[in-house]
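Peer 1: Chain by chain, the residues:
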Amino acid sequence: MINFIIKRKYLFLRRFVQIGIMVLYFGANAYGWNILVGNLSSSVLFGVIPMSDPYAALQMLAAGATLATDLLIGVGIVVLLYMFVGGRVFCSWVCPVNLITDLSNYLRRKLGFNQIQKKQPASRNIRYWVIVMSFVISFALGVTAFEFISPISMIHRGVIFGLGFGWAAMLIIFLFDLFVLKNGWCGHICPLGGFYSLIGKFSFIRVHHNVDNCTECMKCKEVCSEVQVLHMITKESIPVISGECTNCARCIEVCDDDALNFSIKKLIKNKEESQNEIN
Amino acid sequence: MSNNIPEENNKEEIASTRRLFLLNMARTVGLAGLGGLVWSAYVDEVTASTLILRPPGALKEEDFLKTCIKCGMCVEACPFDTLFLAKPGDNKPLGTPFFEPRKVPCYMCTDIPCVPVCPTGALDEESVTSDGKLDIEISEMGLAVIDKESCIAFWGIQCDACYRACPVLGKAITVEYSKNERTGKHAFMQPVVHSEFCTGCGLCERACVTEKAAIFVLPKEVAMGKVGDHYIKGWDEKDDDRVKNAKGATTTTELSKRSALDSLNDSGSLFDD
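Taken in sequence, the protein lines are chains B and L. Counting along the first sequence from 1, when you hit position 38 you're at 38 in the working numbering, and nothing is skipped either side. With the second sequence counted from 1, adding 279 to any position gets you the working numbering.
Some clues are possibly wrong.
[Claimed, not checked] Computed spacing ranges between beta-carbons, pair by pair:
#: 1; chain 1: L; residue 1: G507; chain 2: B; residue 2: F46; range: 35 to 41 Å
#: 2; chain 1: L; residue 1: L299; chain 2: B; residue 2: N261; range: 37 to 43 Å
#: 3; chain 1: L; residue 1: V447; chain 2: B; residue 2: G64; range: 33 to 39 Å
#: 4; chain 1: B; residue 1: E236; chain 2: L; residue 2: L299; range: 29 to 35 Å
To be clear, the hints were calculated from the coordinates, so they are not data collected in a lab. Note that beta-carbon positions come from the ideal geometry of N, C-alpha and C, so glycine has one too.
All chains should be modelled from the sequences, with the hints used to inform the complete structure.
Peer 2: Below, the structure written as structure tokens:
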């Protein structure tokens with residue numbers, strides 16, 4: 001049992017963080033806790049530190065709103081945080097939709113759907129087009145376009161303030177990812193994920209592949225939700241450089257050969273350089 | 280000669296990759312168009328609902344929808360659970376705060392806890408501040424409107440529930456007396472709302488005794504007309520200034536050259552025959 005948990009320490013930690021954040025938000029509304037107030041669009045930590053969704057702020061800008069100072073500070077804090085830990089850490093460690101799509105993925109693997117549908121019929125670049133479109137519609141209609149339809153905020157608000165028909169959004173995403181498209185919502189369509197991919201381009205914390213240890217079992221590629229970022233597996237010892245990696249650490253956990261690990265980008269570089277000097 | 284063959288193949292290959300590229304481009308444009316159509320149609324439809332009451336200090340609806348980030352901080356700050364965030368199924372712009380006075384009205388807290396917490400300024404502190412202090416009485420959430428036909432005070436039955444409930448007592452709602460001609464010996468005591476004092480808190484709507492409230496709050500833009508700058512109160516010196524804003528408009532009407540008598544005999548294009 002303990003081995004089972006240790007083997008999946010990141011998974012358990014991730015679920016703990018995801019659910020913990022939701023509990024804190026929920027408690028703020030239901031019981032007046034003053035730890036994390038608001039929701040994922042904008043919140044206040046410990047009653048002082050503002051945090052705001054930078055993608056929503058950009059849509060507001062496109063819609064023609066004046067951005068308040070509090071909002072800008074909040075945006076700055078969030079951008080800096082995710083620039084450091086990896087943009088899509090939001091996706092796998094915070095976003096509530098991840099719980100749903102991970103369940104879809106788990107079922108797809110267990111039911112062998114991935115063996116039957118090997119090739120996915122859609123491009124993962126759709127999300128960047130959705131970003132562009134959200135700005136166009138925001139500009140044209142003078143509203144924050146994605147915030148009006150975002151199932152992420154719908155579900156997250158649902159947890160804190162009451163769900164309404166939000167369960168339908170949850171069900172649709174679940175079924176879409178299960179039957180229509182592997183990693184359909186999070187890996188293809190979600191513009192927030194796309195946006196955080198762009199922010200995460202420069203992040204420090206990366207998954208690093210060590211090809212010497214790799215036995216080519218391909219378990220990592222099977223479990224990865226952004227499989228294109230693992231193109232170096234069995235080929236070279238380099239870090240995952242794509243911002244689309246969510247740093248979910250599932251690949252690290254399924255690897256029995258210690259061929260994948262977290263690392264700080266800069267440290268690797270320095271090490272390589274010093275090694276080159278020695279050589 | 281032998282060198283030319285691969286070159287031609289190459290050309291064909293380039294042509295087919297170019298076609299593929301163009302086709303993919305066109306497909307992307309088509310998909311984006313379809314998605315954009317559905318998306319903007321939904322957004323357009325949902326923002327068309329104008330009968331929504333916003334928290335105190337809210338910007339004009341148009342600016343409010345741009346600026347509100349839907350964080351729910353105002354909802355959490357409200358001690359009376361007046362405010363809600365629109366859920367799917369509420370038929371309102373998703374995630375934006377609103378209140379329904381018949382269920383829970385705004386109790387007009389003097390410290391207005393819902394406004395300063397707004398991170399984006401969609402709830403504008405300035406608009407509810409007078410003399411450097413928060414002042415809920417100048418907020419404009421809406422305007423109470425009376426349906427005289429279902430208000431029992433207008434029937435002659437004595438009721439002053441709305442008048443008593445009003446937190447701006449004696450200013451936003453006054454009771455006007457007049458003689459009840461039907462009985463000849465009773466008085467009408469009819470409530471009248473004054474828009475310059477009414478904040479739209481909805482305590483009157485909550486208090487109204489009829490099955491469906493005969494006094495109810497509407498957003499100010501919906502409840503009120505607008506005179507324009509062409510009509511002024513000539514007896515009011517301040518109002519006199521407004522006429523300077525009035526802009527002239529020239530209209531031309533084309534006069535018919537036909538005899539006036541024809542208009543009696545000729546039905547013109549009224550009937551097609």
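Peer 1: The structure should be examined with respect to each hint, and the outcome stated for every one.
Peer 2: Here is how each hint holds up against the structure:
Range check, G507/L to F46/B: Cβ separation about 52 Å, and the 35 to 41 Å hint is violated. The hint said 37 to 43 Å for the Cβ distance between L299/L and N261/B, and at roughly 40 Å that hint holds. At roughly 35 Å, the beta-carbon separation of V447/L and G64/B lies within the given 33 to 39 Å, and the hint holds. In this structure the supplied range 29 to 35 Å holds for E236/B paired with L299/L, their Cβ-Cβ distance being about 30 Å.
Hint check: a violation occurs at hint 1 only; the rest are consistent with the structure.
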